[in-house]
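S.K.: In our numbering, the protein residues as written are 1 to 114.
Keep in mind the hints are simulated off the structure, nothing from the lab. Among these hints, one or two may not hold up.
[To be verified] With a straight-line cut-off of 20 Å between C-alpha atoms, the simulated EDC-like cross-links for lysine to aspartate or glutamate are:
1) K93 / E80
2) K38 / D25
3) K38 / E55
4) K49 / E60
[As the list claims (entries may be wrong)] Cβ pair distances, simulated, as ranges:
5) A36 / E103: 30 to 38 Å
6) T72 / A107: 12 to 20 Å
7) A36 / D62: 17 to 25 Å
8) A107 / A36: 29 to 37 Å
9) T24 / D100: 34 to 42 Å
10) D52 / D73: 17 to 25 Å
11) M1 / D73: 31 to 39 Å
12) T24 / D62: 15 to 23 Å
13) E44 / E103: 31 to 39 Å
14) E55 / L97: 18 to 26 Å
15) E60 / D35: 13 to 21 Å
16) E103 / G37: 29 to 37 Å
17) E60 / M1: 16 to 24 Å
18) I106 / S59: 19 to 27 Å
Glycine included, every Cβ here is placed at the ideal spot set by N, Cα and C.
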Amino acid sequence: MLKVGLIGAGTMGNTHHRAYRQLTDARITAVCDIDAGKASRIAEQWGAKSYDSLEAMLSEGDFDAVDICLPTDLHRWAAELSAARGKHVFCEKPIALTADDAEAMIAACRQAGV
Numbered sequence: 001m002l003k004v005g006l007i008g009a010g011t012m013g014n015t016h017h018r019a020y021r022q023l024t025d026a027r028i029t030a031v032c033d034i035d036a037g038k039a040s041r042i043a044e045q046w047g048a049k050s051y052d053s054l055e056a057m058l059s060e061g062d063f064d065a066v067d068i069c070l071p072t073d074l075h076r077w078a079a080e081l082s083a084a085r086g087k088h089v090f091c092e093k094p095i096a097l098t099a100d101d102a103e104a105m106i107a108a109c110r111q112a113g114v
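Using the sequences and the hints given, assemble the complete structure.
M.R.: The following block contains the structure:
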C-alpha cells in the first residue's frame, strides 16, 4: 500500500483526492493546506491527519510519497523540501514555470534517491 501525503487541498488537490479513491493500492494518510479547514475536509474522508504546514507534515506524517497540488510557482519549494526528507514526489503539471526550476526539482529527487 502506497501511503500519500497530499500537499494542497484546493481544486487540484480535490481532483487528485477523488482519483485516489479509484486506486486499491494507494491511500492518503496526510493532507496539508494553509487553509486548515480545506485540509481537514479531505483528511476526514480518509481518516488521515491534516496539517497547515508542509514542514510539520513532513516531520510528523506517515507516508511514502507526496502529491504536490499547489500553484505552480510553489512546486519547486515543495518538491525540494519533500525530496530532502526522503519522500517520493508526484507533481501535477506543469512541473514548473521555468526549465531551471524543473531541472532543479529533478536533480533534488535524484540526489535524494527518490
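S.K.: Determine for every hint whether it applies to the structure shown.
M.R.: Hints and how they fare:
1. Of the supplied pair hints, the one linking K93 and E80 holds, its CA atoms being roughly 16 Å apart against a limit of 20 Å.
2. Restraint check: the Cα-Cα separation between K38 and D25 comes to about 24 Å, which exceeds 20 Å; the hinted pair is violated.
3. Between the alpha carbons of K38 and E55 the distance comes to roughly 18 Å, so the proposed pair stays at or under 20 Å and holds.
4. Of the supplied pair hints, the one linking K49 and E60 holds, its CA atoms being roughly 10 Å apart against a limit of 20 Å.
5. Between A36 and E103 the Cβ separation comes to about 33 Å, which falls inside the hinted range of 30 to 38 Å.
6. Here the CB-CB span from T72 to A107 is close to 18 Å, well matched to the stated 12 to 20 Å.
7. Here the CB-CB span from A36 to D62 is close to 19 Å, well matched to the stated 17 to 25 Å.
8. Between A107 and A36, the C-beta spacing of about 32 Å keeps the proposed range 29 to 37 Å intact.
9. In this structure the hint that T24 and D100 lie 34 to 42 Å apart at CB holds, the actual value being about 38 Å.
10. D52 and D73 have their C-beta atoms about 19 Å apart, which keeps the hinted 17 to 25 Å range intact.
11. Between M1 and D73, the C-beta spacing of about 32 Å keeps the proposed range 31 to 39 Å intact.
12. Distance hint for T24 and D62: a CB-CB separation of about 19 Å, consistent with the stated range 15 to 23 Å.
13. Checked against the hint of 31 to 39 Å, the C-beta distance between E44 and E103 comes to roughly 38 Å, which is consistent with it.
14. For the pair E55 and L97, the supplied restraint of 18 to 26 Å holds, since their beta-carbon distance comes to about 23 Å.
15. Here the CB-CB span from E60 to D35 is close to 19 Å, well matched to the stated 13 to 21 Å.
16. In this structure the supplied range 29 to 37 Å holds for E103 paired with G37, their Cβ-Cβ distance being about 36 Å.
17. E60 and M1 have their C-beta atoms about 19 Å apart, which keeps the hinted 16 to 24 Å range intact.
18. The hint said 19 to 27 Å for the Cβ distance between I106 and S59, and at roughly 24 Å that hint holds.
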